[in-house]
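Spelled out from the first residue to the last, the chains are:
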Amino acid sequence: MKRVITVTVINQSGVLNRVTGLLMKRQFNIESITVGHTEQPNISKMTLVVNIEDDVKLEQLIKQLSKQIDVLKVNDITDKSIVLRELALVKVVSPPNLRLEMNAIVEPFRPQIVDTSKNVVTYQVVGHPDKIDAFIELVRPYGIKELTRTGVTATVREVQQSFYESAPLSLLK
Amino acid sequence: MTANASTNAKIDASPSGMQEVEKRPKNGAEILIQALHDQGVDIVFGYPGGAVLHVYDAMYKNPIRHILTRHEQGAIHAAEGYARVSNKPGVVIATSGPGATNLVTGITDAMIDSIPLVIFTGQVATNVIGSDAFQEADIIGITTPITKHNYQVQDVNDIPRIVKEAFHIANTGRKGPVLIDLPKNISTAIFDETKANVPDEVYLPGYQPNYKPNYLQIQKAIQAISEAKKPVVLVGAGVLFADACDELVEFVEKYRLPVVTTLLGLGSIPGTHELNYGMAGMHGAVVANDAITKSDLIINIGSRFDDRLTGDTSRFAPEAKIIHIDIDPAEIGKNIRTDIPIVADAKEALKALLKNDFKAPDTAEWIDYLNKVREEYPFWYEADDKEVLPQQIIELIHKITNGDAIVTTDVGQHQMWAAQYYLQNHSHQWVTSGGLGTMGFGLPAAIGAQFAKPDKKVISILGDAGFQMTLQELALLKEFNLPVKVIIINNAALGMVRQWQELFYDGRYSQSLMPVQPDFVKLAESYGIKGYRIQTIDEAEKILTEAINSDEPVLVDCRVKQLENVYPMVPAGKALFEMVGVKKF
Ligand SMILES: Cc1ncc(C[n+]2csc(CCOP(=O)(O)OP(=O)(O)O)c2C)c(N)n1
Numbered sequence: 001m002k003r004v005i006t007v008t009v010i011n012q013s014g015v016l017n018r019v020t021g022l023l024m025k026r027q028f029n030i031e032s033i034t035v036g037h038t039e040q041p042n043i044s045k046m047t048l049v050v051n052i053e054d055d056v057k058l059e060q061l062i063k064q065l066s067k068q069i070d071v072l073k074v075n076d077i078t079d080k081s082i083v084l085r086e087l088a089l090v091k092v093v094s095p096p097n098l099r100l101e102m103n104a105i106v107e108p109f110r111p112q113i114v115d116t117s118k119n120v121v122t123y124q125v126v127g128h129p130d131k132i133d134a135f136i137e138l139v140r141p142y143g144i145k146e147l148t149r150t151g152v153t154a155t156v157r158e159v160q161q162s163f164y165e166s167a168p169l170s171l172l173k
Numbered sequence: 001m002t003a004n005a006s007t008n009a010k011i012d013a014s015p016s017g018m019q020e021v022e023k024r025p026k027n028g029a030e031i032l033i034q035a036l037h038d039q040g041v042d043i044v045f046g047y048p049g050g051a052v053l054h055v056y057d058a059m060y061k062n063p064i065r066h067i068l069t070r071h072e073q074g075a076i077h078a079a080e081g082y083a084r085v086s087n088k089p090g091v092v093i094a095t096s097g098p099g100a101t102n103l104v105t106g107i108t109d110a111m112i113d114s115i116p117l118v119i120f121t122g123q124v125a126t127n128v129i130g131s132d133a134f135q136e137a138d139i140i141g142i143t144t145p146i147t148k149h150n151y152q153v154q155d156v157n158d159i160p161r162i163v164k165e166a167f168h169i170a171n172t173g174r175k176g177p178v179l180i181d182l183p184k185n186i187s188t189a190i191f192d193e194t195k196a197n198v199p200d201e202v203y204l205p206g207y208q209p210n211y212k213p214n215y216l217q218i219q220k221a222i223q224a225i226s227e228a229k230k231p232v233v234l235v236g237a238g239v240l241f242a243d244a245c246d247e248l249v250e251f252v253e254k255y256r257l258p259v260v261t262t263l264l265g266l267g268s269i270p271g272t273h274e275l276n277y278g279m280a281g282m283h284g285a286v287v288a289n290d291a292i293t294k295s296d297l298i299i300n301i302g303s304r305f306d307d308r309l310t311g312d313t314s315r316f317a318p319e320a321k322i323i324h325i326d327i328d329p330a331e332i333g334k335n336i337r338t339d340i341p342i343v344a345d346a347k348e349a350l351k352a353l354l355k356n357d358f359k360a361p362d363t364a365e366w367i368d369y370l371n372k373v374r375e376e377y378p379f380w381y382e383a384d385d386k387e388v389l390p391q392q393i394i395e396l397i398h399k400i401t402n403g404d405a406i407v408t409t410d411v412g413q414h415q416m417w418a419a420q421y422y423l424q425n426h427s428h429q430w431v432t433s434g435g436l437g438t439m440g441f442g443l444p445a446a447i448g449a450q451f452a453k454p455d456k457k458v459i460s461i462l463g464d465a466g467f468q469m470t471l472q473e474l475a476l477l478k479e480f481n482l483p484v485k486v487i488i489i490n491n492a493a494l495g496m497v498r499q500w501q502e503l504f505y506d507g508r509y510s511q512s513l514m515p516v517q518p519d520f521v522k523l524a525e526s527y528g529i530k531g532y533r534i535q536t537i538d539e540a541e542k543i544l545t546e547a548i549n550s551d552e553p554v555l556v557d558c559r560v561k562q563l564e565n566v567y568p569m570v571p572a573g574k575a576l577f578e579m580v581g582v583k584k585f
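Respectively, the protein sequence lines represent chains A and B. If you're matching positions, the first sequence starts at 1 in UniProt numbering and goes up one per residue. If you're matching positions, the second sequence starts at 1 in UniProt numbering and goes up one per residue.
For the record, the hints were derived by calculation from the structure and aren't laboratory data. Keep in mind the model is a prediction, meaning the values are calculated, not measured. Check each hint, because a few of them may be wrong.
[Stated by the list, open to error] Pair ranges (Cβ atoms, derived): (1) B:Asn425 - A:Gln27: 36 to 44 Å; (2) A:Gln161 - B:Asp357: 27 to 35 Å; (3) A:Gln161 - B:Lys220: 28 to 36 Å.
[What the hints assert, rightly or not] List of simulated lysine to any residue pairs, SDA-like, C-alpha gap at most 25 Å: (4) A:Lys73 - B:Met569; (5) A:Lys63 - B:Gln535; (6) A:Lys63 - B:Gln208; (7) B:Lys574 - B:Arg559; (8) B:Lys456 - B:Gln208; (9) A:Lys57 - B:Met569; (10) B:Lys195 - A:Ile10; (11) A:Lys25 - B:Lys456; (12) B:Lys195 - A:Gln40; (13) A:Lys131 - A:Ile113; (14) B:Lys355 - B:Pro341.
[Said to hold, decoys possible] A few chain A positions that, by computed beta-carbon distances, are all more than 10 Å from chain B: (15) Val9; (16) Glu53; (17) Asn75; (18) Asn103; (19) Lys145; (20) Val152.
Every residue, glycine too, gets a C-beta built ideally from N, C-alpha and C.
Chain B on its own, in the form it takes in the complex (with noise of 0.2 Å):
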């Protein structure tokens, strides 16, 4: 590897040597860059190593914004942090082998939560693929089933076209990661650009996403809302996706129809608005699994009916007649019997529904009712003055933040308080890993975000434990002076676990607690970054606004009461009517 590095160390670094090197036949990772610069590109996560460093060479002499994390892990997380706030795809370099099976879990995240991303890993020399040579990993059989697509580049000729295909393909229909994996000696080989087959726009003929909805089932589905006397509108992240919030509101304020949202369809709508009635699902608002369980109607734009939704199938929405909105064919009826499918973009349904104008449903005596349910069941706990609750810290960040924050979280309780006390005004200010859960993913996932979004607040709440996953990314925050306000709700627990034990198996508390913990303040302050710690309810509003103000990164470690529990609860296997831990007000 030090052999290869060295035979092409010699080219001028400077942007006055560039006009040299345009002049000379260009190579593959030349090729690459050029192309990444072509896509508009202007930030790349990644990490380097032995099959990519021509890769790395090349951006060293046409210059690419790239920042390196400390783990590939890292490096995906940011990507997906980036995608979501941006609406654009994430980009992200890693070597062969390990490098690349680093990438896993975040590929894998990026595609149940239908991510953008654009991934490049590295791959040993084509003669020796299959030979178990040094950092070889089949990485397009491990990704093969956790990528939209995937390509191993063949031929150097073949690179612009590849990645122009690459984003099309991660940026339109079900968005979603694509994978791009390139031998190391055809980042070397000379590309010869009568050779390269690049077309002006993409056309696949086995992929042609649909964006315009069916007529006929727009009527249908205008018929089924004006009739209906319960509607409701179920939001997925497909209205985020497809930048038709506006519509959203516009939509349901003209015809006056009450929403909820999934977790990740949170921000659709803002938080505070009157026909918002939040989140539904195992931790969702009464009131909105009441709707979904009482409606005669649901509208479904863009949520794919995931089981921690929709709870027990087989009962869900007893009453209701069923529009589904979705890109991806597959998600209609795959897991919810569909009455009115309409295979579309979610902006292109929503306008198409908007130029119609129709009668609208009555709808006053059934949002008079939600309205009453909403008032006597709202997310509950029960203060205490020894113990800070963690759903107090995250009350306090959104007074703080008036609700304007970015807010990433990592996976489990404070996740799910972090969706029901923060009430978001903004579309794309919610960062969290809905489909996979994974642990680790929210602190590089603010890095993304705050890379994405240098003038916004980015607040990462994390639990103790997911935090610890991948805390090794506090670096960045030092390194780029990235204002990111690291918020731990600590409870010395893998509180979701321990909830679960607590409830299903009479507590019996099996490698659920950590009651060895770094020194959170100064692990922090070893990576430079200002430590806080918050152990009072009566410190915590002056301690958090002062973190949270300000303009560096901060963390924050929050010691909250360790057996507090998320409430209200849909049991696994269970309906949505069936929750515990409800409290009538």
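Next up, chain A with everything else stripped away, as it sits in the complex (with noise of 0.2 Å):
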């Protein structure tokens, strides 16, 4: 199962190498990573996407990184509302007789553009990383030339639905 986690850290030289380093160690394997500053100064919040056999190693992982001493704080945010956000850099090949098509097939992504070529057309797109998945699937045909993910970054909503609230609204129910 995918679980994202974030851990949020004192802003030492190598904390980060402690939290991978123990990762690897403990043979989990990182969907990805990615880490900044907090409001906070001197505190980081790294955020985790991890694929995780069961709730014990579920349970190691989050016991075995809020020992570390320089961690402060470990939350599985994966069964809360939030919000999941992820950047991508798509360079697509791009003739000029089909840029106009491209363009109106990617829209309901909202990429942006910000570089552009004879041949070549460089969108930016932002959002869950399952609409970063769709976009790239979309462009494909065209030929990607690169691809660059940043990895996953989230915020626990302000509001969070309960699940026993949410459910009756289901379609599917």
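With the hints as a guide, bring both chains together as one complex.
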């Protein structure tokens, strides 16, 4: 199962190494990891997306991370209402005769064109990682020259929607 | 390196010169030594080199007891031995590069066995870090996975704070090694007290070990214990680290609870206590493993359910509810499912259990059963009139020392025999490498133990192979007249490896026999130590008595039967109830 875990750390040199080293040593499979400063000076937040087999392993991951001296807080936010965002830069082959068509097709994803040359357009697309996956699939037939993704960052929504409250609204039930 | 050393070489080393030293500004190295004094450190094990010359110079001027071992590995194992018997952190200093990397085995050993150490390594100057400078090693990178925490000092004014934090981290919560890497230029930089930010109490927001048990969890534990028919208390080293042995004994006597221990939990309750059913696990007592297997309630206090203890985890204690008391929350549920987790210090948890008077479980029948199993399935060997058996040597050592000596071991068969046959009377008299199984541990650990307890008899029981990994430390026995008794169980083999090859590889002894050994008696003599040799069982008691009762360091080369095996045994991957080498008497 895929879990989104945030790790708040003291911004000490070596702390990123400690966290990633620990994940490697204990054989956790990291899908993405992002790090950056927070609103508090000297405190950084990492967002990890990890593939985990079961609850025992998940509990271990959280406990082992929490045990690190420079780690202040570890949260598994997967099951909360969260905003998950990722940014991708996608260079797509785009000969002038196809460019209008392409722009029309990608429109719903609201990408920004951040660079162009005669035959190549660079799109910047931001959103949930699923949206980025979909965007990539959409432009793939045109020929992707280069692709970079930042990895996921996330925040918990201010108002949490309870699972039980929202369930009856589901169209499937 | 010589140029740097000579710049500071003119300072008066006599105590009368110290006043003067006090007044002038201090450098990082001097502050470091001062910080060690402030922590009450009375002994340091180490080995100098270029990057720590200033530290050694500062030590010369402001003396702290430093023991120069013959190898950095010797220094760190000595510090571990010191920490185990004194229950205080051991301190180690080594130079950068090879000095630091020579510590790696000992650091890993301390990490896995939760031994509190504070380790100082020299480092090249900050302006050349990362340039592959002479004797540069990325010791922070190397030791990140094998330390509880590590620091590289970037600012001389941080030294007092970092040292204080390091001792705090090493010696609280689940104990462990903390490393401080000190670049050479930081050790020469001038310290400015006004910029040093040393808190009175260490406060680390990301490190708040929980000592007090949760009230509700204790109530649940009490209920489970009251209702149990076949309870077993499983004791690990956590009880020793927490100094909770008295509470443990009081608790199990009050409620008549049978006890088994791990290899590292030996000594937490006297070896001959009627409720102590001995060591469990791979080479544990039949009764201990049987108790776990038939139990309906395991009360684990301070053991981490290591695989050498549990055997096949899916069939460990199949009928039991599990209470797990551990200061490290990450150990709970890691290897074995837990019904009642209690994150707490062992002493606090036992005190909380003792504070409540609750209904004692009726364990009379269970204890009768266990007593019968204990009687019918003791550790056994078949004496042989031709060859000396290693078990006989350990039994004699036990008899001569009355079970009161501090015993250190190396790793292998002799270690298991020592665990089985040397029944200890007290806590903190057993020093062995458990989790890592580090050959070469035993002799230097004995040195550290003897420094910690100069008046105690220290017996170092070693294999002939493991002894040769750190035998250079014999020099210290002579130099400091440490009356350690080095007893070599000499089977001219890597006994434990040979045993596995006999049992699981059809006797193909691939690289496990050592037909050519030095003459250990002469070797001892060359170090100025009296050497003895035992070749027959008839002479064994007399020689061992003389050797052990001597006031001096001695070495005894015991020539024992090569093909003796450690039994009983849970083969790797099997359950505790699938022991082989079990004999009914
Ligand atoms: C540093 C190290 N290398 C290898 C091993 C693997 N090993 C475990 S026991 C053993 C044999 C030890 O032989 P010896 O010291 O003579 O003790 P014995 O088993 O014969 O009592 C070996 C090689 C180890 N534990 N540690």
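Hints, verified against the model:
1. B:Asn425 - A:Gln27: 36 to 44 Å: Holds, since B:Asn425 and A:Gln27 (Cβ atoms, about 43 Å apart) stay within the stated range.
2. A:Gln161 - B:Asp357: 27 to 35 Å: Given about 49 Å between the Cβ atoms, the range is violated.
3. A:Gln161 - B:Lys220: 28 to 36 Å: Given range 28 to 36 Å: holds, Cβ gap about 34 Å.
4. A:Lys73 - B:Met569: 43 Å, violated
5. A:Lys63 - B:Gln535: Distance ~53 Å between A:Lys63 and B:Gln535 Cα, so the pair is violated.
6. A:Lys63 - B:Gln208: Given pair A:Lys63, B:Gln208 holds - Cα atoms ~13 Å apart, limit 25 Å.
7. B:Lys574 - B:Arg559: 33 Å, violated
8. B:Lys456 - B:Gln208: 36 Å, violated
9. A:Lys57 - B:Met569: Violated. A:Lys57 to B:Met569 sits at ~30 Å, over the 25 Å cutoff.
10. B:Lys195 - A:Ile10: Status holds; Cα separation ~21 Å.
11. A:Lys25 - B:Lys456: 41 Å, violated
12. B:Lys195 - A:Gln40: 23 Å, holds
13. A:Lys131 - A:Ile113: Roughly 17 Å separates the two Cα atoms, so the pair holds.
14. B:Lys355 - B:Pro341: 19 Å, holds
15. Val9: A:Val9 not clear of chain B: closest Cβ-Cβ about 8 Å, inside 10 Å.
16. Glu53: Given a closest Cβ separation of 14 Å, the condition holds.
17. Asn75: Per Cβ check, A:Asn75 is outside 10 Å of chain B; nearest 14 Å; holds.
18. Asn103: Non-interface label stands for A:Asn103: nearest chain B Cβ at 47 Å, farther than 10 Å.
19. Lys145: 35 Å, holds
20. Val152: 24 Å, holds
Of the numbered hints given earlier, the model fails hints 2, 4, 5, 7, 8, 9, 11 and 15; all others are met.
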